[in-house]
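Engineer: Next come the chains, spelled out residue by residue.
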Amino acid sequence: MVKSHEGRLPSLQTDRELVLGLIEACHEAIVIHADDLCELDRAIGDGDHGTNMRRGCEAVYLDRERLGSLPLPQAIETIGMTLVMSVGGASGPLYGTLLIEIGRRLGTRDEADFATILGEAIDAVARRGRALAGDKTLLDVLYPVQTEMARQSALINIAKRAEVSARLTAEMKAMRGRASFLGDRSIGHVDPGASSCALLTTAICRYLREYRPA
Amino acid sequence: MKGNTANVGIVIVSHSPLVAKGTADMVRQMVGDTVPLSWCGGNSEGGLGTNATGILAAIEAAWSDHGVAVFVDLGGAETNSEMAIEMLGESRSGMVAICNAPIVEGAVIAAAEASGGASLAKVVATAEELSPS
Numbered sequence: 001m002v003k004s005h006e007g008r009l010p011s012l013q014t015d016r017e018l019v020l021g022l023i024e025a026c027h028e029a030i031v032i033h034a035d036d037l038c039e040l041d042r043a044i045g046d047g048d049h050g051t052n053m054r055r056g057c058e059a060v061y062l063d064r065e066r067l068g069s070l071p072l073p074q075a076i077e078t079i080g081m082t083l084v085m086s087v088g089g090a091s092g093p094l095y096g097t098l099l100i101e102i103g104r105r106l107g108t109r110d111e112a113d114f115a116t117i118l119g120e121a122i123d124a125v126a127r128r129g130r131a132l133a134g135d136k137t138l139l140d141v142l143y144p145v146q147t148e149m150a151r152q153s154a155l156i157n158i159a160k161r162a163e164v165s166a167r168l169t170a171e172m173k174a175m176r177g178r179a180s181f182l183g184d185r186s187i188g189h190v191d192p193g194a195s196s197c198a199l200l201t202t203a204i205c206r207y208l209r210e211y212r213p214a
Numbered sequence: 001m002k003g004n005t006a007n008v009g010i011v012i013v014s015h016s017p018l019v020a021k022g023t024a025d026m027v028r029q030m031v032g033d034t035v036p037l038s039w040c041g042g043n044s045e046g047g048l049g050t051n052a053t054g055i056l057a058a059i060e061a062a063w064s065d066h067g068v069a070v071f072v073d074l075g076g077a078e079t080n081s082e083m084a085i086e087m088l089g090e091s092r093s094g095m096v097a098i099c100n101a102p103i104v105e106g107a108v109i110a111a112a113e114a115s116g117g118a119s120l121a122k123v124v125a126t127a128e129e130l131s132p133s
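Chains A and S, in that order, give the protein sequences.
Under our numbering, the first residue of the first sequence carries the number 1, and numbering increases by one thereafter.
Under our numbering, the first residue of the second sequence carries the number 1, and numbering increases by one thereafter.
Honestly, the hints are just simulated from the structure, not real lab data.
All values derive from a computational prediction rather than experimental measurement.
Here a beta-carbon is modelled for each residue, glycine too, at the ideal position from N, C-alpha and C.
Mixed in with the good hints, there may be bad ones.
[What the hints assert, rightly or not] Beyond 10 angstroms from chain S on every Cβ pair, some chain A residues (computed):
hint, residue
1, HIS27
2, ASP46
3, SER69
4, GLY119
5, GLY129
[Said to hold, decoys possible] DEER-style ranges, computed between Cβ atoms:
hint, chain 1, residue 1, chain 2, residue 2, range
6, A, ALA43, S, LEU18, 44 to 50 angstroms
7, A, PRO71, S, LEU130, 22 to 28 angstroms
8, A, ASP35, S, MET26, 35 to 41 angstroms
9, A, ARG206, S, SER93, 37 to 43 angstroms
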């Protein structure tokens, strides 16, 4: 069974309650903050990041009963595919790639720890977006989160690092996506993708901290 | 189209359904029905955006066993097109190329090239000559 104690990550195993809980936590975080994400995106992009993320999370949420019946790796991969199909912007393939790669690796690599799997999945996202750390994208949250996980940091510290990392994107100049068209004028604005990534990380960490398997 | 055409297919992907359809209209005016042609524009709700499902369907609709050249506008169109191409499966994904070219000019010149029976590599190269390297 999945164990959660001392604020550490539970070992990831098939768990309907865990899948449903994570879906609900992520859905809630995005729905509550969708307008804020659109506002951030209006400043340096096309203003639809919140709407797009909400569309994706709604599609996953509507499918949650079926997803909850799947083994965890398959559930994560299927959620990734649903995001690709439903988000309607570049963030669909980016978040989708992250989850598809995590799911596939969780399903086939018993020996690897989750931080290693996450690191490889983030590299796949970087290839998909042809972006690097420091380009003012969601990678600037994902890489620090992976670093904290590799250090086996407490969940609350992983969440804090995600939030701080998202804020730090304000100092960066966008090198990818529509914000890059603004050049130096993108500096001073938090990246919407980094922001949604921090929101989701925080929601996941909060859920896992409170999660007590039956 | 069922893939039995001798000519390379053309797919146009824009955030805007109007841009995608308008570009396809210009291509059609140029080459008539000699080239398999399809377009995808907008998100799944009909707003501005791109979606992998629609792009996948467009590639299927314009499928040619000689290959398909895809023209895209901004970032998400390219990223979603890459996902759609992967979803085709390994045996067919190698037959589809996203062109680094302006969407309207690229699609029209590529279609003209394709209508003469040029290979996918030649169609792509001709369109990409439009882009500053």
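Engineer: Run every hint past the structure and note whether it holds.
Structural biologist: Here's how the hints hold up against the structure:
no.: 1; hint: HIS27; in the structure: holds (18 angstroms)
no.: 2; hint: ASP46; in the structure: violated (7 angstroms)
no.: 3; hint: SER69; in the structure: holds (23 angstroms)
no.: 4; hint: GLY119; in the structure: holds (21 angstroms)
no.: 5; hint: GLY129; in the structure: violated (7 angstroms)
no.: 6; hint: A:ALA43 - S:LEU18: 44 to 50 angstroms; in the structure: violated (26 angstroms)
no.: 7; hint: A:PRO71 - S:LEU130: 22 to 28 angstroms; in the structure: violated (48 angstroms)
no.: 8; hint: A:ASP35 - S:MET26: 35 to 41 angstroms; in the structure: holds (38 angstroms)
no.: 9; hint: A:ARG206 - S:SER93: 37 to 43 angstroms; in the structure: holds (39 angstroms)
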